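Undergrad: These are the residues of each chain, in order.
Protein chains: 2
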Amino acid sequence: MYSGEESAEAPAYPIQAYPVEGRYGNYAPPSTNNDVQQWFAAVDKDHSGRINAKELQAALINGQGDHFSDTCCQLMIGMFDKEKSGTVDVNQFEQLYIYINQWLTVFRNYDRDQSGSIEEEELIQAFQQMGYRFSPAFINQLIKKSDFQNHKRMSVDQFIVVCVQVQRFTEAFRIRDKQMQGSITIGFEEFLSVALEGSV
Amino acid sequence: MYSGEESAEAPAYPIQAYPVEGRYGNYAPPSTNNDVQQWFAAVDKDHSGRINAKELQAALINGQGDHFSDTCCQLMIGMFDKEKSGTVDVNQFEQLYIYINQWLTVFRNYDRDQSGSIEEEELIQAFQQMGYRFSPAFINQLIKKSDFQNHKRMSVDQFIVVCVQVQRFTEAFRIRDKQMQGSITIGFEEFLSVALEGSV
Numbered sequence: 001m002y003s004g005e006e007s008a009e010a011p012a013y014p015i016q017a018y019p020v021e022g023r024y025g026n027y028a029p030p031s032t033n034n035d036v037q038q039w040f041a042a043v044d045k046d047h048s049g050r051i052n053a054k055e056l057q058a059a060l061i062n063g064q065g066d067h068f069s070d071t072c073c074q075l076m077i078g079m080f081d082k083e084k085s086g087t088v089d090v091n092q093f094e095q096l097y098i099y100i101n102q103w104l105t106v107f108r109n110y111d112r113d114q115s116g117s118i119e120e121e122e123l124i125q126a127f128q129q130m131g132y133r134f135s136p137a138f139i140n141q142l143i144k145k146s147d148f149q150n151h152k153r154m155s156v157d158q159f160i161v162v163c164v165q166v167q168r169f170t171e172a173f174r175i176r177d178k179q180m181q182g183s184i185t186i187g188f189e190e191f192l193s194v195a196l197e198g199s200v
Numbered sequence: 001m002y003s004g005e006e007s008a009e010a011p012a013y014p015i016q017a018y019p020v021e022g023r024y025g026n027y028a029p030p031s032t033n034n035d036v037q038q039w040f041a042a043v044d045k046d047h048s049g050r051i052n053a054k055e056l057q058a059a060l061i062n063g064q065g066d067h068f069s070d071t072c073c074q075l076m077i078g079m080f081d082k083e084k085s086g087t088v089d090v091n092q093f094e095q096l097y098i099y100i101n102q103w104l105t106v107f108r109n110y111d112r113d114q115s116g117s118i119e120e121e122e123l124i125q126a127f128q129q130m131g132y133r134f135s136p137a138f139i140n141q142l143i144k145k146s147d148f149q150n151h152k153r154m155s156v157d158q159f160i161v162v163c164v165q166v167q168r169f170t171e172a173f174r175i176r177d178k179q180m181q182g183s184i185t186i187g188f189e190e191f192l193s194v195a196l197e198g199s200v
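So the protein lines, in turn, are chains U and V. Start counting the first sequence at 1; every next residue gets the next number (the UniProt record's numbering). Start counting the second sequence at 1; every next residue gets the next number (the UniProt record's numbering).
In case anyone wonders, no lab produced these hints; they're calculated from the structure. Be aware that a few hints might be false.
Pairs involving identical chains hold if they fit within one copy or between any two copies, as the list cannot separate such chains.
As the list claims (entries may be wrong) - Computed cross-link-like contacts, BS3-like style, restricted to lysine-lysine with a CA-CA straight-line distance of at most 30 Å:
(1) K45 with K178
(2) K54 with K178
(3) K54 with K82
(4) K45 with K84
For clarity, every value in this text was computed on a predicted model and none was experimentally measured.
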């Protein structure tokens, strides 16, 4: 079947946050509301009282020593930015902070060799544990799209983007596949609409 | 039908470049190979002999006075970057330059009130002239996705991204709709594969 069946070994997803180590970022996890506010103030470089994607990006380092991608930061801000201003306030930031930590935890769980990247074999296992049954060719496509130079590995920000897209497209497919047949018949404009809506 | 029929009034697409005016950028069109090299040198801020998306972005201003988006610059570099290095050399840059000018010309043609943006009514006409027959709801979705705050207009860089995505998804649909019925039956993984491949 096409997704998300519960299996005995599958971890709850997303799972609880736990403290972030240096490899995955230059920030400390907040243990109190006061900590969140301090971290918010440090990230809010222009002291506007709101954090935009650029400010978030400047504060996030992936396991390969690079900043998170524009795409990933815009995607995540967009999820918590209820007013569609392209920014989050301190309360939305707290939710976003928890969300990022959840992804880091998921990523670290699948990064079995603790290399800071997910390689093809690890990604296959990751999606299996999430309940997907993807072909090797599809997994390879995901890796290639993320690591277009070497085709070997995925950083945590790339992993977040891929997983969010897969989740969105899966949901879009699922609501059209009412009888759970694993295939749908779809018209041109609806196809375009779904494909464009889910893309980030 | 779902796309691209030739119609009497449709302009060739993309069409020939012509000189760019200040509204659409701070660059002059090259009339000789020497001009291309001079512009290349000006954009290549780190003097690496190659131009990356960030350098391109710094040189491109849309009709609303903003730099082109990261997404648009990465998309365009990726089209001419045959070695998948994330950069273009001077020869690839010349092709890219022509490509950008073609899009600017298309955009200006559809920006009938010369506002520097394409509004909903203009976008409807633009896609009609390209041979598409989209519903008002779909056009509205495109505008909303680009202008997520005001839902009113699209800048040239947003227009390029939308058009390239529509072209890619149309092509992906068309090759599966062998009998030109305007609908396809598609399995889950293939659906995901197409949706992810076309997204930028």
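Undergrad: Which numbered conditions among the earlier hints are violated in the structure presented, ordered from lowest to highest?
TA: Hints 1, 2 contradicted; others consistent.
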